[in-house]
Amino acid sequence: MTRYITGILFIASLFIFSCSDSDGPEIQENEPFDRSQMLSSWADHFIIPGFESYAGELDELVSAKDAFIANPDVVSLNSLKSAWLDAYKSWQKVSMFDIGKAEEIGLRNFTNIYPADTDLINENITSGNFNLALPSNFDAQGFPALDYLLYGLSPDDSEIVTMLSQTNHAQYLDALIERLRTLGNEILNDWKGNYRDQFIQNDGSSATASVDKLVNDFLFYYEKYLRAGKIGIPAGVFSGGPISNSVEAPYSGIFSKDLFNIAFQSVQDFFNGRGYNGISGNSLDDYLKFTSNVNGTRDIASEIQSQWKSAEAKIEVLLPNFRDQVEQDNIKMLEAYDELQKAVVLLKVEMMQALNIRVDFVDADGD
Amino acid sequence: MKDWKILFILVFAVIGFQACSDDDDPTPDPSPSLEAPGTYNFERNGQSTVSFSGQTTRIKMASELINAMKKFDSSSELLLEMYVNESASGGDVAPFSESDLNSSTKSIRSKVAASKDFFSANAAESSQIKADFESWINAQVSEVFPNENVLAEPGVAGQIADGSSVRYVNAKGLEYNQAVNKGLIGALMVDQMVNNYLSPAVLDDGNNVAENDDGILAEDKSYTTMEHKWDEAYGYLFGTSTNAANPLPTLGEDAFLNKYLQRVNGDPDFEGIAQDIFDAFKLGRAAIVAGDYQLRDEQAEIVRGLVSKVIGVRAVYYLQQGKNGLPDSGNDYGGAFHDLSEGFGFVYSLRFTRQPESSSSYFSKAEVDGFIQQLTEGNGFWDVTPATLDQISEAIASKFDFSLSQAAE
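One line per chain: the protein sequences are A and L, in this order.
Quick note: the first sequence, position 183, residue 903 per our numbering, numbers continuous.
Quick note: the second sequence, position 272, residue 274 per our numbering, numbers continuous.
Keep in mind that the hints are not guaranteed to be accurate.
Going by beta-carbon spacing under 10 Å, a handful of chain L positions derived as facing chain A [said to hold, decoys possible]:
no., residue
1, E150
2, N151
3, V152
4, E155
5, P156
6, L297
7, N326
8, D334
9, E411
Hint data in this document are derived by calculation from the structure and do not stem from the laboratory.
Just so it is clear, CB atoms sit at the ideal spot from N, CA and C, and this is done for glycine as well.
Construct all of the structure, not just a fragment, from the sequences and the given hints.
Printed below as a string of structure tokens:
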């Protein structure tokens, strides 16, 4: 991904804006928004409990995997599938926090790049010689690869059990799940170690400050992974026509909408400051309302919230399996995409301007 | 004797007449009525006179070479055969997927750094440049391919993540396929166009002027030799266009000059440059038909300046993209390296640009060598600094009429 900084002009315009404002008496008297408190809330009510929950689900997944390998049958396969789904759902809540160790190791690339490359997966299984740390194996591991192994090897569960019982298949299954847990724990331990304080103390407003970076991560996640990855790409927004096979978890066939809904809810919860265990704290909606009050400008937070309500209405009517939706009535997918897209404009332009945060990424030119 | 006298008087009269009319009108328009046609479509007796199949062939060969460089089962023999279109011992080969390319006697290498103006008396540099491409092709196979499943690090070739995709780089972070791809834009397309086919040394070679004046066609052809030379320049830009007579609506159809003209034209700072280049090509070609060589050469100078500018803009663009992509922490070098690899190729291509109204490139060999040295010294892209990238970008932009910031985004 190419990330770079835009918006010098924008800074310049803000400068002018603040100059003209300085005639008024109110600005100097206002307390600035407490970024540090918001960062604490993000760390303690979202990110750390999110990764704790994720790591817990991965422990469950490892146990289910061990049980299946020790005693492969349809029952233990079903337990494994269910542990996979729980962990996959839990991942949806932390994927957007691509900062610190997660950013450094490229967690998302090793966890949820889809569609999976089934040829490569089979090649790795056959050879038994693979290095999951290589970027060329991004799409041969993580939840999408497990979706293929647990659901896609055969339409018949007992046949899947037979195949996964073979040494090389079992070895690959084992390696994929162990790796997910190792990486998940690495992130969690980093947050529980020094990184939490480092993250909170970096409360300035430069391009590398925590607020600026995480807001960019949030925006990037919303635009590329939620809007495009889960809806736009399968619906063919970025290609000549729909690509129904590129939905999330296509082999299981039934979870793409579930996974989307959890991801979308997580985005909204983060924006609205509704943390784990029902704990609320300051977040982007409060920050936006604060700037809107101080400057007497538009209530962008409410506009974003109401745009997301419109998107939810369009998503509600979609079939549980987005692949079916794309193949049967793609217009509805496109309509859902359009509503999600309208929020991109509010987030990327209006919100970023209001918060004086520069967008640090652009679309690569594709060559 | 009598005839001679009459002729002499006539000639004298004509000269005198011209001198008088020149005095009356100090800035004569040599062809006030000549207008550029709407499309690059020229006919004689109902038959098209436009031909540039050789250029189309070379662009296609270069495309196949670039793609083959990204396939790990390509041998260096195969890649070199694509470059040279013959075997190491000079035998006939068939390395391409398209049979037309295999049966062709043309090759990429024969036209690399091969323009009349720059290299006809500069065989030493020409052979160095041809060898640069050969060494990049060889190194792709000998350095990068063996490390297909190795993570790249400073001093170690291998794979590196660029977002969720994978790039394969050498020990300095350079993608050789990008060096070849973007380097050929300069060494093949631009050099042949601006320093060869648009040059009076080529257009007016031999009896070209007299034949063009008299409408004498090349043997078995529908065009005069001069017309054809001009078309060959055109072909290096529009040779793969779906509708070559009206190519702008589908700009971006190859991976070379055509594509990057589209990219530069898409930047609001340079919007319209594609139309300006196309217009100059059309008008210059019409001028040849009308025998107006001054007008022809004026158009050639316009093309030279603008095509050179495309290279300059793109070089600065990628260096700046690379600079902005360098991680301030962590190890996300991949995106930056990809941009810097493209930038490397465009910087290399600067050597083949042409200043209008001049016999020189915008950058001497020594200057370009200096840039390349700065980009590749030590561990190359792994330790190149933003300051160095800015310095090179400034040095490039300052020679053209655009600013660093105009080109950067």
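Hints, verified against the model:
no. : hint : verdict
1   : E150 : holds (8 Å)
2   : N151 : holds (6 Å)
3   : V152 : holds (8 Å)
4   : E155 : violated (12 Å)
5   : P156 : violated (17 Å)
6   : L297 : violated (37 Å)
7   : N326 : holds (3 Å)
8   : D334 : holds (7 Å)
9   : E411 : holds (7 Å)
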